[in-house]
Amino acid sequence: MATLSLLITANPYSQQGQYSAVRFAQEAIVQGHQIKRVFFYGDGVLVASRLNCPPSDEINLTKTWAKLAVEKDVELSVCVTAALKRGIVNQAEAERNALTGENLDPAFEISGLGQLTEAMLESDRLVTFG
Amino acid sequence: MKSVTFIFNKTPYGSHSGRELLDICLMTAAFEMSITVIFQDKGIYQLLDKQQPDVLNIKNHSLTFKALPLYGIEKILVDSMSLANSPYNQEQLLDIAETAEPGAIKQAIADSDFVLML
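Protein chains in written order, with our numbering: chain A, 1 to 130; chain B, 1 to 118.
Please keep in mind that the hints were generated in silico from the structure rather than gathered at the bench. All of these numbers come straight from a predicted model, not from anything done at the bench. Be a bit skeptical, because a hint or two may be false.
If you only want the chain A side, here are some residues facing chain B, beta carbon under 8 Å, derived [unchecked claim]: (1) Thr9; (2) Tyr41; (3) Gly42; (4) Leu113; (5) Gly114; (6) Leu116; (7) Thr117; (8) Met120; (9) Leu121; (10) Leu126; (11) Thr128; (12) Gly130.
Anything over 12 Å on all C-beta distances counts as not near chain A; from chain B, calculated [stated by the list, open to error]: (13) Gln52; (14) Gln92; (15) Lys106; (16) Met117.
We put the beta carbon where it would ideally sit given N, CA and C, even for glycine.
My request is simple: use the sequences and hints to build the entire structure.
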């Protein structure tokens with residue numbers, strides 16, 4: 001069994017990458033592999049907004065990731081630089097940057113690029129979904 | 001020590017993937033990892049000297065490539081075939097990389113634990 005990490009740069013609702021990534025993560029766990037960390041970078045961070053509201057007959061990617069985090073203890077890390085640029089903020093970042101609200105889904109956590117490198121050091125494979 | 005190869009294969013402008021990959025590269029250099037950087041296909045344009053994206057209000061990240069050797073990254077390769085297929089020669093690129101035959105590029109990739117492209 002392998003330890004895997006995922007790097008996700010795909011825009012959640014414009015590209016297929018996130019759909020593929022979440023299926024990949026679910027199936028990897030079913031097959032007994034461990035997901036060390038899912039790292040969201042570039043447009044991939046947009047999925048971390050709890051305000052994403054796709055039509056009810058389509059998959060809600062934010063909630064699908066969050067379910068994986070809660071039920072399977074998968075760590076969802078969001079790059080702070082990429083997130084701030086795109087308006088994805090938690091309470092602390094909102095206060096630090098004098099913004100009027102926060103929108104980070106609680107299943108995700110804001111972190112830095114060092115968490116991506118650290119994930120590589122502790123994983124057998126890093127799989128990118130762009 | 002784990003090894004990682006970064007492949008730059010897209011133009012510097014039009015998308016931010018070059019700059020984003022460079023940021024990962026510099027961060028990784030702070031860790032104990034063996035790093036190879038490859039410029040391939042349109043990625044060789046990342047290394048063109050004297051870029052002026054500031055006229056488009058775009059930050060010039062190309063100069064940051066000069067920092068790669070300072071970060072201890074010594075293996076920086078330009079795909080010779082990509083260079084031959086471009087209108088440029090090595091003198092027009094930042095002086096940080098050496099040209100390598102496709103076979104050597106292929107081997108560098110095969111020897112790496114991780115390969116990143118954006």
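Status of each hint after checking the structure:
1. Given hint, Thr9 of chain A at the interface with chain B, holds; its Cβ is 6 Å from that chain's nearest Cβ, closer than 8 Å.
2. Taking 8 Å as the C-beta contact cut-off toward chain B, the hint placing Tyr41 of chain A at the interface holds, the least distance being around 7 Å.
3. Of the supplied interface hints, the one on Gly42 of chain A holds, with its beta-carbon coming within about 6 Å of a beta-carbon of chain B, less than 8 Å.
4. Checking Leu113 of chain A against chain B by beta carbon gives a least distance of about 4 Å; that is within 8 Å, so the hint holds.
5. Restraint check, Gly114 of chain A versus chain B: the minimum CB separation of about 6 Å is within 8 Å; hint holds.
6. The beta carbon of Leu116 of chain A is positioned within 8 Å of a beta carbon in chain B (closest approach about 6 Å), and the interface hint is therefore held.
7. Against a cut-off of 8 Å between C-beta atoms, the interface hint on Thr117 of chain A holds, since the closest Cβ of chain B lies about 5 Å away.
8. With its C-beta approaching chain B no nearer than about 5 Å, Met120 of chain A sits inside the 8 Å limit, and its interface hint holds.
9. Interface restraint check for Leu121 of chain A: the shortest CB-CB distance to chain B comes to about 6 Å, inside 8 Å, so the restraint holds.
10. At a threshold of 8 Å, the smallest CB-CB gap from Leu126 of chain A to chain B is about 5 Å, leaving the interface hint in force.
11. Interface hint status for Thr128 of chain A: upheld, as the beta-carbon distance to the closest one in chain B is roughly 7 Å, under 8 Å.
12. About 6 Å separates the beta-carbon of Gly130 of chain A from the nearest beta-carbon of chain B, less than 8 Å, and the hint is met.
13. Residue placement check: Gln52 of chain B keeps its beta carbon more than 12 Å from all beta carbons of chain A (closest about 23 Å).
14. Look at Gln92 of chain B: its CB is around 29 Å from the nearest CB on chain A, clear of 12 Å, so calling it non-interface holds up.
15. Every C-beta of chain A lies more than 12 Å from that of Lys106 of chain B, the closest at about 19 Å, which supports listing it as non-interface.
16. Not every CB of chain A lies more than 12 Å from the CB of Met117 of chain B, the least distance being 7 Å, so the non-interface label is violated.
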